[in-house]
Amino acid sequence: MEAKFEPRIVAFCCNWCSYAGADLAGVSRYQYPPGVRIVRVMCSGRVEPVFIFDAFKNGADGVIVTGCLPGDCHYVSGNLNAERRVEKTRKALEYLGLGAERLRLEWISASEGMKFAEVMRGFSEEIKELGPSPLKSQVKNE
Amino acid sequence: MNEEEEIRIGVFVCRCGVNIGGVVDCDDVARYAATLPGVVCTSVNKFTCSDSGQADIQEHIRKYNLNRVVVAACTPKTHEPTFRVCCEEAGVNQYLFEFVNIRDQCSWMHIWDHEGATKKAKDLVRMGVYRAKLLEPLEESEVAVDPNAVVIGAGVAGMQAAMDLGDMGFHVYLVEKEPSIGGRMARFDKVFPTNDCSICILGPKMVEVARNENIEIMSYAEVVEVEGFVGNFEATIEHKPRYIDMDKCNGCAQCAEKCPVEVPYDFNEGFGTRGAAYVPFPQAVPLRAVIDLENCLRSEGKECKACIKACDRDAIDFSQEKRYSKVKAGVIIVAPGSVTYDPEQRNDYGYGIYDNVITTMEFERLLNAAGPTEGHVIRASDCKEPMRLGFINCVGSRDVKTNVHCSGGVCCMFNMKNAILLKEKRPEISCYIFYIDIRAPFRGYEEFYNRARDIGIRFIRGRPSEVIELENGNLVIRAEDTLKGEVRNIEVDLVVLGTGIVPHKDIEKISKMLKIPRAADGLLMEAHPKLGPVDTVLGGVFVAGGASGPKDIPFAVAQGSGAASRAARLLVTGKTKIEGITAASDESCIGCGLCVDVCPYGALTLDEKENRVMVVEAICKGCGTCAATCPVGAMEQRHFKNEQVEAQVKNLFTLA
Chain A
1 MEAKFEPRIV AFCCNWCSYA GADLAGVSRY QYPPGVRIVR VMCSGRVEPV FIFDAFKNGA
61 DGVIVTGCLP GDCHYVSGNL NAERRVEKTR KALEYLGLGA ERLRLEWISA SEGMKFAEVM
121 RGFSEEIKEL GPSPLKSQVK NE
Chain B
1 MNEEEEIRIG VFVCRCGVNI GGVVDCDDVA RYAATLPGVV CTSVNKFTCS DSGQADIQEH
61 IRKYNLNRVV VAACTPKTHE PTFRVCCEEA GVNQYLFEFV NIRDQCSWMH IWDHEGATKK
121 AKDLVRMGVY RAKLLEPLEE SEVAVDPNAV VIGAGVAGMQ AAMDLGDMGF HVYLVEKEPS
181 IGGRMARFDK VFPTNDCSIC ILGPKMVEVA RNENIEIMSY AEVVEVEGFV GNFEATIEHK
241 PRYIDMDKCN GCAQCAEKCP VEVPYDFNEG FGTRGAAYVP FPQAVPLRAV IDLENCLRSE
301 GKECKACIKA CDRDAIDFSQ EKRYSKVKAG VIIVAPGSVT YDPEQRNDYG YGIYDNVITT
361 MEFERLLNAA GPTEGHVIRA SDCKEPMRLG FINCVGSRDV KTNVHCSGGV CCMFNMKNAI
421 LLKEKRPEIS CYIFYIDIRA PFRGYEEFYN RARDIGIRFI RGRPSEVIEL ENGNLVIRAE
481 DTLKGEVRNI EVDLVVLGTG IVPHKDIEKI SKMLKIPRAA DGLLMEAHPK LGPVDTVLGG
541 VFVAGGASGP KDIPFAVAQG SGAASRAARL LVTGKTKIEG ITAASDESCI GCGLCVDVCP
601 YGALTLDEKE NRVMVVEAIC KGCGTCAATC PVGAMEQRHF KNEQVEAQVK NLFTLA
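Protein chains in written order, with this note's numbering: chain A, 1 to 142; chain B, 1 to 656.
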């Protein structure tokens, strides 16, 4: 990547907390880079490792799963299941050579618009430093 | 949907005035959408949610025989229901509608990057189109709504909600944790801006609540668990033992008089004492005694019988135990109120160290004729009447060290009112109010502020840096007068702290129990700050009063009525619809039961005979955790099936 590398980030957001937080970031005009793409699920507990691998297979440089704060999950404990699953998927990513740091989990509530934007900016910066996903040469690029 | 049926998608791009159109090139997005497989028509609207915008969708559905609709606009959180209905009306199943968020999560996000935002909008529309192709029609199930209501908290907001629903003919369980209803308002002396006597206007209302034949007051009780869903809640209520036979007691307070124990009187903000046996306050409803066993000599193993002997109605009953009851209700109104900041934790301005620094709630009780001093304001160090008073606003609010949030003008008005009451009673008393900004927002409030200045209350703009105690108990308030531009040291006899409004300790418990999110200030979050101020994100659960932000009395009452009317919509129709997004299992299930373990609702059961997991759809809330857990792909979440989500993921980025 000789030119400007703009990381592609996939954010899986739960409908009740983090998706609403993402909306609040928008309403409040807290900016983050356009490379961040949001996929809405009802609960972070719905996010399967296969979704995460698919994201990397389709050009993502980083994936972030966001859910309600522990104890505040709209579905009681779905976010804790997400946490376990993300932990394991991180290990798998490390093993595959993609690097665990390309996958992150964050708790963002519906009222944390500013946090949402900060997390997305921060993660995007980190991925920028890591450089493009090693899988990127395998997928067709722009 | 018939497999051979051709997919015919219409894409509608909304400019939302300039909200989207000012950043994203909507025509370019629509042109791009037209090139995507399955898209047969596109349209760009100024406001897709307007009548004409919705009519445009419906016309396109008919003209092009659409069977999928994609709207790229604001956010599904506010507008999905609108477009779902619009599609349904034109004969397209509402679950064949897909929302693409290009405003809140695109144009507003990237306001300086028009090119990047347009590119992202195209990607998002592509994601939506590919997902839409795979959507399946679903049916919403209709459920009956139980005609009863539970109201949590019997302060003025909860009482109003209960009365409104009761008057409409619905049975209300009014659950109050304290031994009497009335809440904070029962403790106030006078209320701004008219300075009418608080209990004189609240007392009759409390009696009215008790007389309302549709209201069942459950005092000294708490809702500890709620199960079920909109229209069909089951609340478990914990009834604390009162050690009093409610049928026999008549509230004569003989037991309280004879009780040898003295504990700080909570109703008087800790001033004065009450017995372990006591009647909460003279206007309490229900007017019955209560025995606080924690402070009773019996809890120390002593055989005290003072109250038993004093009671000529034989109402004392130490055999009572904590008990639980369950009630069914179609709706729940949450009105637990809020509390004022406790300055003791940080000894703000010497509170808790200096005798003559008190809070405004404590001052309120001193002013009250039924209070510990029968309405005479005296200070603790020497029991003398203070002649110079300093009122400090914004203690525990608008402060980065404690709580950055403003109490919405309630505390400004509160301190001002107390200063006015005192000054009008004794004009020779000097009152200083230290403020950051005066917030006097509603009808009559600005006039109230003017009245305070007219009668000679001195307003000093500046947050005091410290309060210093002198040997005689007097206090020096040191503050920068930011209007004069000089440091002032003002000696006073008594300091009153205008403490900010903070969440009640039960808010967290209630938020967890019902799954109502909390806002940054720790208070409960409404469904929409402007258009859904008493709704919550949960169907059938409403919020009113101080629990969702600092409120004065008229505001709390209005919210109580508002919540009751929103709740009545469900109760009147007696039925409601439940979303079609639930889990579904197929015959490839291997009966491993992993999904059963992760289901937070117990909606899955393992049929051992069939060796297959079955879903109880009425209990399932559609989180999809089971689908993510299933190792063989036998469990699916409707509307969020693997291939539906994967279609989005595969189209996230433009790959050339």
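Because the hints were derived from the structure by calculation, they are not lab data. Possibly wrong hints are sitting among the right ones.
Said to hold, decoys possible - A short, non-exhaustive set of chain B residues, derived as facing chain A with CB atoms under 8 Å:
| no. | residue |
| --- | --- |
| 1 | Asp113 |
| 2 | Asp437 |
| 3 | Phe640 |
Where is the CB? At the ideal position from N, CA and C, for every residue including glycine.
Each hint tested on the structure:
no., hint, in the structure
1, Asp113, "holds, 6 Å"
2, Asp437, "violated, 22 Å"
3, Phe640, "holds, 6 Å"
The earlier numbered hint that this structure contradicts is number 2, and it is the only one.
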